[in-house]
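Just so you know, the sequences run in chain order S and G.
Here the first sequence stands for residues 6 to 536, numbered as in the numbering used here.
Here the second sequence stands for residues 6 to 536, numbered as in the numbering used here.
No lab work stands behind these hints: they were computed from the structure.
Being a predicted model, the structure only gives us computed values, none of them experimental.
Where a beta carbon is used, it is the ideal one built from N, C-alpha and C, also for glycine.
One or more of the hints may lead you astray.
Footprint (simulated), chain S over chain G, 3 or more residues, beta carbon under 8 Å [said to hold, decoys possible]:
(1) 24-35
(2) 248-262
(3) 293-300
(4) 373-384
In silico DSS-like links for lysine-lysine, alpha-carbon gap of 30 Å or less [unchecked claim]:
(5) G:Lys351 <-> G:Lys340
(6) S:Lys497 <-> G:Lys31
(7) S:Lys476 <-> G:Lys402
(8) S:Lys167 <-> G:Lys197
(9) G:Lys361 <-> S:Lys167
(10) S:Lys402 <-> G:Lys351
(11) S:Lys509 <-> S:Lys490
(12) G:Lys509 <-> S:Lys476
(13) S:Lys497 <-> G:Lys402
(14) G:Lys351 <-> S:Lys509
(15) G:Lys31 <-> S:Lys509
(16) G:Lys31 <-> S:Lys135
(17) G:Lys497 <-> G:Lys92
(18) S:Lys11 <-> G:Lys197
(19) S:Lys197 <-> G:Lys395
(20) G:Lys351 <-> S:Lys497
(21) S:Lys197 <-> G:Lys476
(22) S:Lys135 <-> G:Lys167
(23) S:Lys259 <-> G:Lys497
(24) G:Lys167 <-> S:Lys463
(25) G:Lys11 <-> S:Lys197
(26) G:Lys395 <-> G:Lys92
(27) G:Lys465 <-> S:Lys197
(28) S:Lys395 <-> G:Lys197
(29) G:Lys259 <-> S:Lys167
Number of protein chains: 2
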Amino acid sequence: MSSPKKQILVLGGGFSGVRTAMMLEKMLRPEEAAVTLINRENYLVFRPLLPEVVSLSIGLTGTISPIRRLCSRTDLVMRAVEEIDLKDQIVTVSSGFRPRRPQLRYDYLVIALGSVTDCNGVPGMLEHAKPFRTLADAIALRNHVIRVLEEANFETDAEFRKKLLTFVVAGAGFSGIELVAELNDFVRAAAKHYRHISREEVCCILVHSGPRILPEMAAGLASFAQRQLSKRGIQIILNDCLVAATSEKAVLEKGGEITCNTIISTVPSTLPQVLQDLDCAKDKGRLSANVYLELNGHEGNVWVVGDCASSNTISGNPVPPAARHATRQATTVAKNICATIRRGKKSAFAFEGLGKLAPLGHHNAVANLCGIQISGFAPWVVWRTVYLMKMPGWNRKAHLATDWLMNLLFPPDLVQFRASSASGIAEQYFRTGETVFNEGDMGDSVYMIQQGECEVFKLKQGRHQSVAVLKSGEYFGEMALLSDKRRSATVKAVTPSRLLLIPKEDFNLIRSSVPAFGSFFSELAQSRPAS
Amino acid sequence: MSSPKKQILVLGGGFSGVRTAMMLEKMLRPEEAAVTLINRENYLVFRPLLPEVVSLSIGLTGTISPIRRLCSRTDLVMRAVEEIDLKDQIVTVSSGFRPRRPQLRYDYLVIALGSVTDCNGVPGMLEHAKPFRTLADAIALRNHVIRVLEEANFETDAEFRKKLLTFVVAGAGFSGIELVAELNDFVRAAAKHYRHISREEVCCILVHSGPRILPEMAAGLASFAQRQLSKRGIQIILNDCLVAATSEKAVLEKGGEITCNTIISTVPSTLPQVLQDLDCAKDKGRLSANVYLELNGHEGNVWVVGDCASSNTISGNPVPPAARHATRQATTVAKNICATIRRGKKSAFAFEGLGKLAPLGHHNAVANLCGIQISGFAPWVVWRTVYLMKMPGWNRKAHLATDWLMNLLFPPDLVQFRASSASGIAEQYFRTGETVFNEGDMGDSVYMIQQGECEVFKLKQGRHQSVAVLKSGEYFGEMALLSDKRRSATVKAVTPSRLLLIPKEDFNLIRSSVPAFGSFFSELAQSRPAS
């Protein structure tokens, strides 16, 4: 009486997704189900430690843990989730080295795609505010801060130098507080090493819409935290918020303006696009789930965990979007999937939280642990210990502990990692007979022949027939981009060819802004022989 | 009888440049001279350790050392050198946050700009071969290799998987050998963690034009090294070289073709563009210097050190482009600048080299030390110790030693750091009254108004006069780019505006390939009112 092996698909490799896969590996026998996890990166990011990457209190790899190590029986697919079809139970992922978007079928789906920074409300935020959610964000912010210091050191105009050295952090929740504390410590410590920067010129400003910082914590702890941050030179602006951002300044709702070069947003979050596009029950901008963490309307088939879920505990309290809740949600989901496969009893989510902790930099923290409020050095040690314990794997624990030790012993590092910020537009070289793309491929870029000749083939009655030869100065590949379809022909180089490739995203940006560019390609597409 | 303080400019922050600045700080009193060092990064890269970044045997920061720490009295300018005017003794550097290219005057100039990978000879190399010279290159290569493993693991087509898992390294000099040894060790060790990759599928191929590897070393050691590498599964192809590279394969001179996804070039090097443009004596593609390391024709005024210099020792032997020679050249240059300022006697360069070492991965190395040839584990320990001693600063030494220790204790890391590869094309937001650029600024991009209005002003008889109002759908900024001049007008936003910005480099790429795009902007520029 064995039923066929079930396919479980976990979308997202954050705390909640990875923990779900780990628990499923523990609870289910390999012959019961196969687990596949889809995530854009092959590592789990320990988000609460990201501010320490900016100051390099820990090494770049200290905040991350390889997913393959954590759940070795799970198939990891390092791609982005592009489409979820709840009706046909199919998930489409992005293309890899080849322009094909694979589709994965599932019996059970776990959605753990988290949230993304939402800049839509405030003009200029998307363009000028730096996000702070991923490891890449943290590295980019670090590089930016160091570049700012280098430029300020070289700058002779005092006013421009002041602008360079002003940093605005929007949002005083946990992540905003941790970030501004680390950033302030780091910039002030680093400034000592720059001969033409005085520490008094550095200005970190925290802007928060509420009447006090850390709304998640008790008022007493929040005001302790506020005093600590003020004492270290951080300006705190309450009851106000950003209404616009430009490359020159941050504009506040009450009319104030802060001339600055750096704005970092830690505030509002929203669902990733793929979940926004999903046609299902939503609540407060998140996916609506029941106490068993099943997606409403898809019970017994789809589960939601972590930041993208809106659900209540069994006693009716809303579950906050925090890592400690997400990991426990993951256990509940794994249990419930197990129960569904084995026709057992489902578990309701009941975790109400143990405590709250916010590090304030400088070996200081505030905490509310099991109802007891503490502040100062003790909770900071607790905080470090908790994270060290939570960090999965001994390898990681050892690395993290070493980093922290080295950091106590030595001054901060000032090196900038220049991540190559090459443009998406690139040149490619093809030899005679090589294929540029195949009929039926995804259309992900437009090509221009800089040198050489290419031939276009179409499949007619099962045979490839040549339909055109394109020469230097000619273009191809625009049809799939303009109509958002697959490639309608195969193109091969007939002589050694050098092509300029414009990726879809750049193509669309230029097209929407330079009508001459867009209409040129529209006309070109129309002039092509119909297939 | 005090002469005015001299300005010494050091171009380049590699071993040779940084060492020159360090020695100048030691030898000269602050009132004698001011030293300025110009480098694109604020850290020195320990190039011989870069292959270990690919395998993450050492942390990302293990290979680098902050220049500010090493020479604290030197003014560091984190910019690129764009132009050297030997006649007027002026160096122009790239622009920072503001579009201005500062000019720095010098009394004494030290050129230590190293060399860059030269892909011009081989078609497709520039586009498809990965360079391996900088830290960014090493990080990019690591990310690429991990992406390849992830994709191969997900790939069901055996032939395509084989292509993905084939890595070609061109050049079997020191850096080629170190890289292929580390890469091979890393990929094979990592493959164990991928469920659908077998170690037999991994193929690292070393291609070298000479009759044996490591031409810098004695034949006996080279053949020991070759046996070691072969034993570990590396294929070695001698007496052949790459004649073309595409996204599909590496093409060899003797007609062979290797289907592969990764080609890494460690071979020929050439002068950076700014030195190629320099009108002075050159020899074997490098700047020609005398035994005092003075640039021929600019004696007593300009010195050359490191990879960009071609010079002989006092006994007439050519100086090889190696780190140990570069650091000693730096000392000679510092002495000679000192002698020039104090009217003392100049020193000739006399260092002939002590020994040669090449690590082979797997705790193995070959070495020729003071005439004695050794191979195996002992020279590997020597190699590590030498680098640990050479690494400047106790902080760095401790980090490096810790990394190596951790690496002996724990398996390799598989995390990929995704460096944001955002396109150069970007959107910007400007508030009413904000300046997009000023008359006289460097022209570094073209703007298109997506939303809003911008006003154009020109300075006439000392006053700003409005010459035009541009609306959504209009463009500006192309004139400075087309004519390579400075901005001929000031542009400000008159309503909140969203602009699309195309950087100069992207603009020129598209212009040269899409004549419609180029001619559109040429016509636009001609229609503008003359200034």
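Here is what the structure says about each hint:
1. 24-35: violated (count 0)
2. 248-262: Since three or more residues must qualify, the claim that chain S covers the segment 248-262 of chain G holds, with 7 doing so at under 8 Å.
3. 293-300: The restraint on the segment 293-300 of chain G is violated, since only 0 of its residues have a Cβ under 8 Å from chain S and three are required.
4. 373-384: violated (count 0)
5. G:Lys351 <-> G:Lys340: holds, 7 Å
6. S:Lys497 <-> G:Lys31: violated, 62 Å
7. S:Lys476 <-> G:Lys402: The hint is violated at about 57 Å.
8. S:Lys167 <-> G:Lys197: violated, 52 Å
9. G:Lys361 <-> S:Lys167: Cα-Cα ~50 Å, so violated.
10. S:Lys402 <-> G:Lys351: Between Lys402 of chain S and Lys351 of chain G the Cα gap is close to 55 Å, so the pair fails against 30 Å, i.e. violated.
11. S:Lys509 <-> S:Lys490: holds, 12 Å
12. G:Lys509 <-> S:Lys476: Holds, because 26 Å separates the two Cα atoms, which is no more than 30 Å.
13. S:Lys497 <-> G:Lys402: violated, 53 Å
14. G:Lys351 <-> S:Lys509: Violated - the C-alpha atoms of Lys509 of chain S and Lys351 of chain G are around 60 Å apart, more than 30 Å.
15. G:Lys31 <-> S:Lys509: violated, 55 Å
16. G:Lys31 <-> S:Lys135: Violated, at about 42 Å.
17. G:Lys497 <-> G:Lys92: Roughly 39 Å separates the two Cα atoms, so the pair is violated.
18. S:Lys11 <-> G:Lys197: holds, 26 Å
19. S:Lys197 <-> G:Lys395: holds, 26 Å
20. G:Lys351 <-> S:Lys497: Since the Cα atoms of Lys351 of chain G and Lys497 of chain S sit roughly 63 Å apart, the hinted pair is violated (cutoff 30 Å).
21. S:Lys197 <-> G:Lys476: Violated, because 47 Å separates the two Cα atoms, which is more than 30 Å.
22. S:Lys135 <-> G:Lys167: Distance ~40 Å between Lys135 of chain S and Lys167 of chain G Cα, so the pair is violated.
23. S:Lys259 <-> G:Lys497: OK: Lys259 of chain S and Lys497 of chain G at ~24 Å, within 30 Å.
24. G:Lys167 <-> S:Lys463: holds, 28 Å
25. G:Lys11 <-> S:Lys197: holds, 26 Å
26. G:Lys395 <-> G:Lys92: At roughly 37 Å apart (the allowed maximum being 30 Å), Lys92 of chain G and Lys395 of chain G break the hint.
27. G:Lys465 <-> S:Lys197: The given pair, whose Cα atoms are some 45 Å apart, is violated under the 30 Å limit.
28. S:Lys395 <-> G:Lys197: Roughly 26 Å between the alpha carbons, so the hint for Lys395 of chain S and Lys197 of chain G holds.
29. G:Lys259 <-> S:Lys167: With Cα atoms ~62 Å apart, Lys259 of chain G and Lys167 of chain S exceed 30 Å; violated.
Going down the numbered hints, you'll see the structure goes against 1, 3, 4, 6, 7, 8, 9, 10, 13, 14, 15, 16, 17, 20, 21, 22, 26, 27 and 29, while the others check out.
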